[in-house]
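There are 2 protein chains.
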Amino acid sequence: MASTASPMASQFRSSFASSSTKRLAVPKDINIGAAFRISPTKRSFVIKAVQIPREMEAIEEYPMNGGHGIYSYAKNSYRQGQAINAVKELIKEEITEKLDINKFPSSDTFRIVDVGCSTGPNTFFAVQNVLEAVEKKYQREGLDHCRLPEFQVFFNDHSSNDFNTLFTSLPPNKNYYVAGVPGSFHARLFPEASLHIVISSYALQWISHIPKELVDRSSPAWNKGRTYYAHAGAETIKAYADQFAKDMDNFFHFRAQEVVTGGMVLLTIPGGRLDYQILSNTLYDLLESTIVDLAKKGIISEEKLDSFNVPQYFPSPQEMEAAVKRNGCFSIERIECLHDEKKQANPKEARVFSSHMRAGLEFLLSEHFGHEIMDELFDLFTKKIEECEVFDMGVAFKLLVVLKRK
Amino acid sequence: MASTASPMASQFRSSFASSSTKRLAVPKDINIGAAFRISPTKRSFVIKAVQIPREMEAIEEYPMNGGHGIYSYAKNSYRQGQAINAVKELIKEEITEKLDINKFPSSDTFRIVDVGCSTGPNTFFAVQNVLEAVEKKYQREGLDHCRLPEFQVFFNDHSSNDFNTLFTSLPPNKNYYVAGVPGSFHARLFPEASLHIVISSYALQWISHIPKELVDRSSPAWNKGRTYYAHAGAETIKAYADQFAKDMDNFFHFRAQEVVTGGMVLLTIPGGRLDYQILSNTLYDLLESTIVDLAKKGIISEEKLDSFNVPQYFPSPQEMEAAVKRNGCFSIERIECLHDEKKQANPKEARVFSSHMRAGLEFLLSEHFGHEIMDELFDLFTKKIEECEVFDMGVAFKLLVVLKRK
Numbered sequence: 001m002a003s004t005a006s007p008m009a010s011q012f013r014s015s016f017a018s019s020s021t022k023r024l025a026v027p028k029d030i031n032i033g034a035a036f037r038i039s040p041t042k043r044s045f046v047i048k049a050v051q052i053p054r055e056m057e058a059i060e061e062y063p064m065n066g067g068h069g070i071y072s073y074a075k076n077s078y079r080q081g082q083a084i085n086a087v088k089e090l091i092k093e094e095i096t097e098k099l100d101i102n103k104f105p106s107s108d109t110f111r112i113v114d115v116g117c118s119t120g121p122n123t124f125f126a127v128q129n130v131l132e133a134v135e136k137k138y139q140r141e142g143l144d145h146c147r148l149p150e151f152q153v154f155f156n157d158h159s160s161n162d163f164n165t166l167f168t169s170l171p172p173n174k175n176y177y178v179a180g181v182p183g184s185f186h187a188r189l190f191p192e193a194s195l196h197i198v199i200s201s202y203a204l205q206w207i208s209h210i211p212k213e214l215v216d217r218s219s220p221a222w223n224k225g226r227t228y229y230a231h232a233g234a235e236t237i238k239a240y241a242d243q244f245a246k247d248m249d250n251f252f253h254f255r256a257q258e259v260v261t262g263g264m265v266l267l268t269i270p271g272g273r274l275d276y277q278i279l280s281n282t283l284y285d286l287l288e289s290t291i292v293d294l295a296k297k298g299i300i301s302e303e304k305l306d307s308f309n310v311p312q313y314f315p316s317p318q319e320m321e322a323a324v325k326r327n328g329c330f331s332i333e334r335i336e337c338l339h340d341e342k343k344q345a346n347p348k349e350a351r352v353f354s355s356h357m358r359a360g361l362e363f364l365l366s367e368h369f370g371h372e373i374m375d376e377l378f379d380l381f382t383k384k385i386e387e388c389e390v391f392d393m394g395v396a397f398k399l400l401v402v403l404k405r406k
Numbered sequence: 001m002a003s004t005a006s007p008m009a010s011q012f013r014s015s016f017a018s019s020s021t022k023r024l025a026v027p028k029d030i031n032i033g034a035a036f037r038i039s040p041t042k043r044s045f046v047i048k049a050v051q052i053p054r055e056m057e058a059i060e061e062y063p064m065n066g067g068h069g070i071y072s073y074a075k076n077s078y079r080q081g082q083a084i085n086a087v088k089e090l091i092k093e094e095i096t097e098k099l100d101i102n103k104f105p106s107s108d109t110f111r112i113v114d115v116g117c118s119t120g121p122n123t124f125f126a127v128q129n130v131l132e133a134v135e136k137k138y139q140r141e142g143l144d145h146c147r148l149p150e151f152q153v154f155f156n157d158h159s160s161n162d163f164n165t166l167f168t169s170l171p172p173n174k175n176y177y178v179a180g181v182p183g184s185f186h187a188r189l190f191p192e193a194s195l196h197i198v199i200s201s202y203a204l205q206w207i208s209h210i211p212k213e214l215v216d217r218s219s220p221a222w223n224k225g226r227t228y229y230a231h232a233g234a235e236t237i238k239a240y241a242d243q244f245a246k247d248m249d250n251f252f253h254f255r256a257q258e259v260v261t262g263g264m265v266l267l268t269i270p271g272g273r274l275d276y277q278i279l280s281n282t283l284y285d286l287l288e289s290t291i292v293d294l295a296k297k298g299i300i301s302e303e304k305l306d307s308f309n310v311p312q313y314f315p316s317p318q319e320m321e322a323a324v325k326r327n328g329c330f331s332i333e334r335i336e337c338l339h340d341e342k343k344q345a346n347p348k349e350a351r352v353f354s355s356h357m358r359a360g361l362e363f364l365l366s367e368h369f370g371h372e373i374m375d376e377l378f379d380l381f382t383k384k385i386e387e388c389e390v391f392d393m394g395v396a397f398k399l400l401v402v403l404k405r406k
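Protein chains in written order, with full-length UniProt numbering: chain A, 1 to 406; chain B, 1 to 406.
No lab work stands behind these hints: they were computed from the structure.
Certain hints may be false.
It does not matter which identical chain is used: a pair holds within one copy or between any two.
Stated by the list, open to error - Derived SDA-like pairs (lysine to any residue); straight-line CA-CA distance at most 20 Å: (1) 304 - 96; (2) 103 - 138; (3) 92 - 129; (4) 174 - 160; (5) 383 - 331.
The shape of chain A in the complex, shown without the other chains (with noise of 0.2 Å):
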């Protein structure tokens, strides 16, 4: 099935007003540990320390492919690459349009942070897209047009991600101070209101982990058969579905905490639509073979491909305006639906796709499924690719979501 996507760009291209006052909301799934002090003060309350999600121990780390090797994340993300160029120009423009700089004390270090970074080189050309319209922006509007400020850059992900092959590639003349920052970005990461500018490019689409019911047997939203849930029931689909939203709710809960009022959160993310259906012959459903054909060989028990679940859900542009509007303390600026090309079949370039999908998968099929069958896992995925007509690139769009911090 070739994508069938309607064009929402346009109808999600306006600037929301939300209803809410602002307000630090904590969520349900929220506890605040026993170690930590809250005190009543003029802004709100303050926390001692780190606010720890009743789930965090459920939260898993998937790490891309560290290094430089042939299969490394370094060397096999032209997509994501393709993704934030695509919308750079966005970018810019709703910085440098809608940042409020005249809030910001004239004497603050500007802090940006790309969550979700994994190695480079794509964070490096995201951060500095950023910097460029920041820079661009005071420019034009700063008080004093010498003046700009110093930049501090944070470079986010999981601790187990490669931050030496970051750290060891980090561009020779960046006009920006570095800190990487180890941590999931479905927990708390940053001080109080220290972030002016919050970006993530093809992250938010992993889930903290995997809901339970997805591998229990007794549950009707168990994922038999399957290793994703483009083509599964309603029940696996909505296991998914509420899991993303859940996490989003920490995410927005935390990120409001960190960023500063006229602060600015940029997100890119693969998008998928709320009928599922455009999930449909991408690489992921090839990769779903893939793993059912080894089974199917015996090269994988049965059990193993029932256990197997990728940790990654596509969000439709509702689901997301949704979830900002439950959190409250921000404004929708721009929601942005960029259509994944199509790509007609071309068997030179499936090995680079595959590779790609290695980079970024690897850690976690291995894990489940052993690291001795990954060549052959990938081979046959290889040549799935090449025996594929057209496929789609990505899983529907690229969902640009611009908000700002009230």
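Assemble the complex: chain A is given as a structure, and chain B must be docked to it using the hints.
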């Protein structure tokens, strides 16, 4: 020769008042790159981005052994741990007595950095000690006793440091936000006035690079047949000492920009004496003797021996005092000398000491002499420790330098 260090503690224990006015002195060897704009403001000046010391290209990286293997720093850093433990109470005392918390806006995040932190676990103990002292100070003297600031702790080391090991071994119940900062402490690392406490434990003895004259046959400082300066001629010693002085000028220049008024710098450094005799019979002596023996056997070439120098310098309290005074931005609150213990030989422990040195110097030695002779080199080194009746654990004493930003 055994240690003959005189009791210097008391004479350096008092506070010194600097005659310098408050300023950000730009040392002669600092070059503000063309890419960086300077514009006048009420805060003296604002530099858009990272300053580049003129000798930046000469800053070399000597990472400790990463990971958790048998020769890793993480498993072989007991001596650094002992040093941290030895000054633990003194550091607590200094912070609780002298930190000017009422100078810091109450809404500020309290930012701490450990420069030259390596991979842990020592850095976590050192940081925890500082945190406890700061918390005590706030509880005792804060205007609102219940209100503790949020803490953000930066772990700094060269970009080739094993941050992956550091990040995956962070204490689970830490009550601070974490960030890793890659880069040399001989350069600028942080935005202006963004740090409240800087600590460093057993790191500042690493000089930024070996002065050229040490390997220049035509120079009187040529360090032929030796690997460090303990038994070298006056010219060689001077070259080491001058390099250390320049490095300290950079260190204090950059830290002065980064630390807020009232903020503190607490440094633990393996110290030596100006007469250098104290360096005899140390582990460094035994290592030099090992390398010389390998050269005599023809296992390493004479040229390789002549061109190798350990890039460490063990300053006297007088040298540290002079460096702080040249900078002029810090008051000296305390310089304390804690004598290193003499170690009675114990053959069982020889391997432990050898592995300790290997964790810190293997990168350097294998880069120069080749990885393939490391086992032989350290086996011989271990034998030399076994045969030695008494040796100095350290070089003379631990030096605790406590400063406050004026």
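Hints, verified against the model:
For the homomeric pair residue 304 and residue 96, neither the shortest alpha-carbon distance inside one copy (50 Å) nor that between copies (57 Å) is at most 20 Å. Proximity of residue 103 and residue 138 under a CA criterion of 20 Å is satisfied intra-copy only: 12 Å inside one chain copy versus 30 Å between copies. Taking CA atoms no more than 20 Å apart as the test, residue 92 paired with residue 129 passes inside one copy only; the shortest distance there is 7 Å, against 44 Å between copies. When the C-alpha separation of residue 174 and residue 160 is checked against a cutoff of 20 Å, the pair qualifies only between copies, where the shortest distance is 18 Å, while the shortest distance within a copy is 25 Å.
With identical chains, the CA atoms of residue 383 and residue 331 are never at most 20 Å apart, being 46 Å at best within one copy and 69 Å at best between copies.
In this structure, the earlier hints numbered 1, 5 are contradicted, and the remaining ones agree with it.
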